[in-house]
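If you want the building blocks of each chain, they are given just below.
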Amino acid sequence: MNSTLHKIFRSKQTRGQFLFAGVGFLLGLLMLLLSTQLYIQVNRLFNPETNFPDFIIVSKKVSAANTFFMARAEFTPEQLEDLSKQTFVKQIGLFKANQFAAWSYGNEVIPIKTELFFESVPDEMLGEIPRKWGWEEGDDFVPVVMSQDFLNLYNFGYALAKGLPQISKSTVMLAPALRVKIYGPQGRIYVNMKIVGFNERIPSMLVPESFMDWANQNIGAAREENPARVIMQVTNPAAPDLLEYIEAEGLQVNKDKLQASKAGGMVKVAMTVIGIIGVFFVLLSLVIFTMNFKVVLAEAKDEIRLLLQLGYTTQMLGKYLITNFVKFISGVALLTSGLLALALWQVQTFFVESGLELEGGIEPAVIVVGLIFITVCVGINVWSMQRTLHRYG
Amino acid sequence: MLITYHHITPAPLAGVIHSQSDIWDTEVTFQEGTSYLVYAPSGKGKSTFTHIMYGLRNDFVGSATVDGQDTRKITRQTWAALRQEKMSIVFQDLRLFLHLTAWENLQVKAQLYSQVKEDDLLAMVERLGVQHVLHKQAQFLSYGERQRVAIIRSLIQPFSFLLFDDPFSHLDVTYLEKAATLIWEKVKAQQASLLMTSLGHEYGLQFDQKLLLG
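Quick mapping for you: the protein sequence lines, in order, are chains A and B.
Our numbering numbers the first residue of the first sequence as 3 and each following residue consecutively.
Our numbering numbers the first residue of the second sequence as 49 and each following residue consecutively.
Just so you know, these hints were derived from the structure itself, not from any lab.
Cβ atoms here follow ideal geometry from the backbone N, Cα and C, with glycine treated the same way.
Just to be clear, a hint being listed does not mean it is correct.
Pair ranges (Cβ atoms, derived) [unchecked claim]:
id: 1; chain 1: B; residue 1: A59; chain 2: A; residue 2: S13; range: 29 to 37 Å
id: 2; chain 1: A; residue 1: S13; chain 2: B; residue 2: H55; range: 38 to 46 Å
id: 3; chain 1: B; residue 1: G116; chain 2: A; residue 2: L373; range: 49 to 57 Å
id: 4; chain 1: B; residue 1: D107; chain 2: A; residue 2: R17; range: 36 to 44 Å
id: 5; chain 1: A; residue 1: V380; chain 2: B; residue 2: K258; range: 53 to 61 Å
id: 6; chain 1: A; residue 1: P366; chain 2: B; residue 2: L104; range: 33 to 41 Å
id: 7; chain 1: A; residue 1: S13; chain 2: B; residue 2: Q159; range: 15 to 23 Å
id: 8; chain 1: A; residue 1: W347; chain 2: B; residue 2: T126; range: 51 to 59 Å
id: 9; chain 1: A; residue 1: V380; chain 2: B; residue 2: A129; range: 27 to 35 Å
id: 10; chain 1: A; residue 1: G320; chain 2: B; residue 2: A59; range: 29 to 37 Å
id: 11; chain 1: B; residue 1: A129; chain 2: A; residue 2: P366; range: 56 to 64 Å
id: 12; chain 1: B; residue 1: A59; chain 2: A; residue 2: G340; range: 56 to 64 Å
id: 13; chain 1: A; residue 1: S386; chain 2: B; residue 2: T126; range: 19 to 27 Å
id: 14; chain 1: A; residue 1: S386; chain 2: B; residue 2: A59; range: 24 to 32 Å
Calculated Cβ distances over 10 Å to all of chain B for the following chain A residues [to be verified]:
id: 15; residue: E76
id: 16; residue: P79
id: 17; residue: E83
id: 18; residue: Q88
id: 19; residue: P132
id: 20; residue: L176
id: 21; residue: M207
id: 22; residue: T292
id: 23; residue: S339
id: 24; residue: I364
id: 25; residue: V371
id: 26; residue: G372
id: 27; residue: H392
id: 28; residue: G395
Isolated chain B (complex conformation) (with noise of 0.2 Å):
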């Protein structure tokens, strides 16, 4: 799988963007195996930028590739089918269900592939240390506890590019050493991509290629 942001500008960042951007305003391609990090200051766009990945926003001037697929043109259909099998997310704000358990918010997930099974996900819960907090509404969960159970459950499905939106910011330094493992184990048994935005940090992950977004 192949995405490429041709000379995309986004629509709040028009008229603002630096010249040494590796991404806005220029080609760049995104190449499935190969990890990437996309680091900038706040509000630069890197919400943004995985959004755009995602099919979420259309606000941009250029035009996005996935696989030679203007991202603008591909139906609703083709965006679920992308989402269930090739792409999956951490959004900077988490978006769980709030209303809902820890467990449950894997299970919504977890329900769309009939491969899955309950004890890899319980492995996994236990791994990043939730399991105690797993039949808790997510709304009385702390932050990073609410992070976690994200990570866990962009690791549910199958994926060649994983999309994390700066999601390690509030993570319990314990837990991050426990999660990178699991992620990377993860990203490397599908050899797929890890595509993470951050302030500059790296969390202890490794990544074949670092762009400045602005």
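Next comes chain A alone, as it looks inside the complex (with noise of 0.2 Å):
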């Protein structure tokens, strides 16, 4: 029965009114799960450790009198004892510096030459520990923790100027072992080292202390030192006891934790204006679609009553009307899941690209999103597709 009533009801007029409507509810239903998709994963990239206690590296000042007499900028043990009685300290960590040199072949990944250094930190002190940290005399492999600032100098520094492909942070995890040439006092061992994480808040490169103490004892100097750096667990990084001393004791602090702090505070204000106006647009394609789809039933009201006339109940009307309606919204649903995986797979490298890690994949919540938006869509419709049925019958 259904191809006289398409007959009735499509007119190339309503074909030209439905394509219309399509179009403004395909553009606001991708806007709406592209900012919802976008602002989660911004959100996320930027507060990463929004749960995590806080950490604070210390140093001493380096001045003028440092380079001029060889004297190391570094913690007497009495200078630490002091540091951990502090109230606002809740534990401290202490830097092992490698005395021994380091130099690593490069491969096809990371394809530089260099001499290294390393620094090791208590396995608590690193917030998120990587799978296959750790070390012991035997095995394959040196884990490496490497700082993600290092990374971004690579990729918008190094490899820029000298014309290397720049490298994510996933391509790093994935590529095969360094060789790396560790020579000292006491010899020469050729060891694999491999990244295995990043940590946005040790500026280092970072490998387990057993490896550090067991090379340091083996290969390097095996002296005792006293640690450069220190880490420590405050309980607020911003109480004032906690500036007076630093300043008292001539300490220096990494700051750039609170303005990263700062920038993802703004990123997120940028996300939230941006899913404002998604939720804008998707209001207004809405409407755009209610009123088309008004359009499409008052021209096709005296179709509609003749078949009321003709012993048509409103019921079956309403059921062919709704099939299709679903059948069309369906449709345009599914062009714009394509859409979206498209413009996501676009998004999403052109972020990875820029060196900003963000994960493949689509946000249960736009899924949700995208359903509540189409039930909405569909259901005020419906109600106003009854309504109009009814008002002619």
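With the hints as a guide, bring both chains together as one complex.
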């Protein structure tokens, strides 16, 4: 029975109306889903450590005197004891530096031959301990945790200048092990090193403490040294007595954590604005769509009246119209999903190429938002259709 | 089936109704199986009379009942059932879907009934001589051809009352007789009523009762 009804309702005019409404709906839905997805992902990217305790790295100020007299800017045991007694300190961890030299030969992924340095901190100060962390004598490779900043320096400084390809975090972690020569007063060995993770807090190349101890003892100078840097977990990084103490003792603090959280805040504001615009767009497209649909029904008013006069029930017409409407919406939604996947792929590629590590895939919340929007749209239009049919009946 | 008008005065005719009207402002009953001609000059409410009976307008004083039920209280659902099974109509303005073909116009009605056979439909088409325009859009048909299509459409369904709202005014004499025969066959076969309005012509049909509208 539908073929004749098709002919009654599908004039050229209504086809144009529906095309217009469909494009509005598609753009609105796409915009909404895209901004939801990016909002969630960027939010997560900039607030990875919101629940993590606050860590601060302190070091002695390096002055000209250090340079002239070759005096290390280091903490004495008395100073360390004094520091750990402060009320704002929860615990402190000491950095250990390498007492040996290291040389990387590079490989196809990380093509730089360079002198290297390493540090180590107690595992509990790492915050997030990567898989494959830890080292024992006889292991195939030594895991390394690298500072995110180093990768950025490489990608946006070195690689661009040298015309080398930029590399993402995931590429680095999947890269084959780096062959590294380690040599010192007690001899030389070759080890394989693998970057197993990134740390945004500690600006250094970190190896497991067990490896550092072993290498210093067996290859390096094997002497006791005072640490140059200390990482401490504090109760509140903005506490006034903390700042006073740092001033009084002539210490140096990495402040970028504070700045990073500011930048994160700004991105959040930007994404909120995009989100609000997205919602606005969606409401607009919903209105456009509903109005268009009403126009289509109004244009078919005489036809609907006549069908009812010929003995058609409002239920029959409602069922026909709703079925076709839902088919139409489903088609548009399907098309939107395709375009969304394409747009996300583009955006994510762009972000990753710019050094921001966005995960692939669609957030579940995006699917939920999409379904809610479609349901609301279908609901409103079915309701308006029922009302119209009853008015004509 | 019994249709009764209880002292009906349509709103547009209030104050201009003749006392000699057999229908307005009086009690009149239409019985299934009896055929009626309702005649009047132009502007005395012939279409209004038909539309009240078919449930299309409620702007009148008094009441109309179908099998004792007030037409104003009949639900949409019941009206649809009545229009599918009990009452068939040819409107004065015919009311075809102008951008559908003649055949599609018949299909719109026929697809409501699973028992309708295409052959029967084609037989009626042939008898009223519209087979040559069957696949032309209704808007390109002559008025007489449209009339015949509308008549066929009204005969597709089962009915107790067949309402003709003065549909013969432009019908070609050649087909008038054929149309009258076909209509009569269908009415008799179902022991139904033909209820026709006209200016006074009977168009060769036999009516049991003739009522003056006004």
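task: Report the numbers of all earlier hints that the structure fails to satisfy, in ascending order.
output: Hints 6, 11, 27 and 28 contradicted; others consistent.
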